[in-house]
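From just these sequences and the hints, can you work out the full model?
Quick note, the sequences are listed as chains S, U and F, same order. According to the working numbering, the first sequence is numbered sequentially starting from 30. According to the working numbering, the second sequence is numbered sequentially starting from 30. According to the working numbering, the third sequence is numbered sequentially starting from 30.
Don't read these hints as lab results, they were simulated from the structure.
Here are the simulated lysine-lysine pairs, PhoX-like style, with alpha carbons at most 20 angstroms apart:
1) U:164 / F:76
2) U:76 / S:47
3) U:128 / F:289
4) S:128 / U:289
5) U:76 / S:164
6) S:76 / F:47
7) F:76 / U:81
8) F:81 / S:81
9) F:128 / S:276
10) S:289 / F:128
11) U:128 / F:276
Chain S side only, calculated, beta carbon under 10 angstroms to chain U, not exhaustive:
12) 84
13) 115
14) 134
Note that CB positions come from ideal geometry on N, CA and C, so glycine has one too.
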Amino acid sequence: MTLFKKLMDKINGDFREKDIISLDQFTQKDIKILFSQVPKMRTIALKAMPSKIIAGKIVVILFYEPSSRTFGSFSTAIKQIGGQTVEILNPQQFSSVVKGETFEDTIRVFEAYSDAIILRHPERGTAAAASDAAKCVPIINAGDGVGEHPTQALLDLYTIYEKFKRLDNLNVLVAGDMLNGRTVHSLTRGLALYPKNTVYLLSPDDLRLSRKDYSNFIGRGVKLVEINSENDIPKNAHVWYWTRVQKERFKNIKDYEKLKNKFVVSQKFLEKYAGKNTILMHPLPRVGEILTEVDNDPRAVYLRSQIRNGLYVRMALLALVLER
Amino acid sequence: MTLFKKLMDKINGDFREKDIISLDQFTQKDIKILFSQVPKMRTIALKAMPSKIIAGKIVVILFYEPSSRTFGSFSTAIKQIGGQTVEILNPQQFSSVVKGETFEDTIRVFEAYSDAIILRHPERGTAAAASDAAKCVPIINAGDGVGEHPTQALLDLYTIYEKFKRLDNLNVLVAGDMLNGRTVHSLTRGLALYPKNTVYLLSPDDLRLSRKDYSNFIGRGVKLVEINSENDIPKNAHVWYWTRVQKERFKNIKDYEKLKNKFVVSQKFLEKYAGKNTILMHPLPRVGEILTEVDNDPRAVYLRSQIRNGLYVRMALLALVLER
Amino acid sequence: MTLFKKLMDKINGDFREKDIISLDQFTQKDIKILFSQVPKMRTIALKAMPSKIIAGKIVVILFYEPSSRTFGSFSTAIKQIGGQTVEILNPQQFSSVVKGETFEDTIRVFEAYSDAIILRHPERGTAAAASDAAKCVPIINAGDGVGEHPTQALLDLYTIYEKFKRLDNLNVLVAGDMLNGRTVHSLTRGLALYPKNTVYLLSPDDLRLSRKDYSNFIGRGVKLVEINSENDIPKNAHVWYWTRVQKERFKNIKDYEKLKNKFVVSQKFLEKYAGKNTILMHPLPRVGEILTEVDNDPRAVYLRSQIRNGLYVRMALLALVLER
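Following this line, the structure appears as structure tokens:
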């Protein structure tokens, strides 16, 4: 099956035994089904209830690059719903891959041991390649470089949905690096699935969206407003989605320092520009762009709800894909 | 207990609390008992049935060298039959071993935590040494360098048995590096347990069996036929067992290139020299000696049945050793 | 909550949802409660009984430095009582920490996935810092550098208690490096909780207790006797607690060699200086200071009882902290 064909193979409410490669596989209906399962997962996790939803299932977590956060979230999600993991970290340092085994053979070996494979890989397109190679078990993309990380997008959407009970008619401010930010791109694509959303993009000129991405997102139906000053932040935005600006992206270190000082969320900044019901999100890690003084503000959801929602959404997704 | 004594301590149908160090411990009867358990294991794994066969048991997987394939197979096998693993990778990089702890002390520490230890080590003889050190729990050898890897041999035998319902009166072609190939040696020793087997050894002259191994195998009762051309491949061999030829073994790179081109299994090669019921095996990883075009041929069992059988045979062995 | 406040927040019999950071949190009553649970844990582990004591609970094992022994003990303990682990080794090599994430953020991420965190870190004070950062789940200190390793002290105390059915009125000989030995310090502090204990400190002059530690221990009520020759070893000591002398601590290599030869426990040495009921303990790893010829002496408990007790004590502690 070619990549194009596979990406067109929408889920449409039937998650069973499906690869989860891209956010583009998901329709509104799929997301509704997925999110409808989340409260049950939340109860299982919060009450530490022993669950048998995927009892007997073995899931291989195959990570070609370390990511303790995503790894921990998936590993916990599988165990919370009664499955077991076989965890393979950095297989490229192991003998078979070193000896020249192809990626496709490695995938076929691990699918022989398991009921699903969670794949993390630094190169774009590897999740789709794994999906083509695997004959028997679903592949779940846990990040393929600058490509996709669909469960991150889904957990971000769920965090918004949990607060506002809808995913349309929202004003969302995203701040940071629009040019390179994978999470920002995928959130925007997710919001584009729903009508009447406006995304405000707050970034320095050097880090604006590429014109290609801009056209793409517009074409999907989301309204975009590019801004470069906090004074243009819309009043009462529903969501602030803050991201880390990567120092290494800048040509001029002074531009970085300027931006860094400009777009730090302090309690004062939050009081001045955010609304009473705005939620403040961040994909983490943060490195100073949200001050710790903000952590206890009820609008700050990045350190608890957003991470917990990542766990619940992954539990729900795995349950839908693997449930007996 | 000395190694010699231990290796003579044959299993003879009582697997309970036994070390599994060498293929030489196994009689026909032992193998029959083991294989009789495999279909049940296959059902458990294929149906992802939650099993309690070794529930409550903790198995330490102690790997002094990385081997993601063997590691994954054992880890899965333990979990499929209801056990749990404690996984210790590269303990020689950890503090206690670095501080000068002896191998024997390390083994005694880990046996104190567990109901069995699966040991992988780059040095020949370490599994037997661990067996001597351990006082309370069985040691299972998952490969000790150029020494033994008994579960690999058992899964190869099972794959043949599954197809032909017997392990005698077979014509088996093994191809590749007879001089250094551990899997080839152990398969030959396994076939020597049964009457009237002939093993055809296809290799370049430089990579023929050592005369010592040749005499040893003959002495065990298997018939050996050394060949060096595809034209001498017997018609309707039951099994083709292909292996990787390691470039670094060759004195002359041209010899390597010549062989490499000569002994590649393409679809055409398979049609010309194999029989309708021949099964094509490979211990993996392959690096080009079987073309991917062959993967979908029903005779090709290396990417699915053979790997799956490794899982089932390990499940069966662990169940026999540890069953409550 | 400050560290000082937290350390004063004694357990006093209510382990539920408590951080376990320091031995100083424990009263006689706490230790009594803890030890009363050990025989049940011993039965579960020895009989490999499937247990549901903490079924459904996920425990993150977050180790910033490798320690295969402590890691294995905690991982086994959690699984023996029905919990599951998410194991994160060397997170400081992973992307988020490398990208500049604070320790506090890392702790808050992992607490979002789990019901407890077992933390190992090379720096003193990190367990208390984690305890301050965590909002929802207990932190259990598995060693913070030269700081504390409370479960090691507890397992040592239990091993003595198991033999003598009391922790008071004991003569305990500790040998090796009094200056730097963490286990020796914590054992002494533990014995100081009980009346009428005398600790004999056998070490070369260079490795005597610091005067600060000496005063501290005296102040806690334990009697100390410093000796530097085997001839001063008290007759019929209840306990010998041997430790490794670290070569690198010595200014003069000859002093090391002298000591090394002097304080090696051989069978002969044991017969000459120990009593019939003395138990010989060692925190391991050993590097020659107890000869292997002593291993089978019934007084030698370091290779089996002491390690097993570590497992049982950790099971008991986790059960008390996390039991449903």
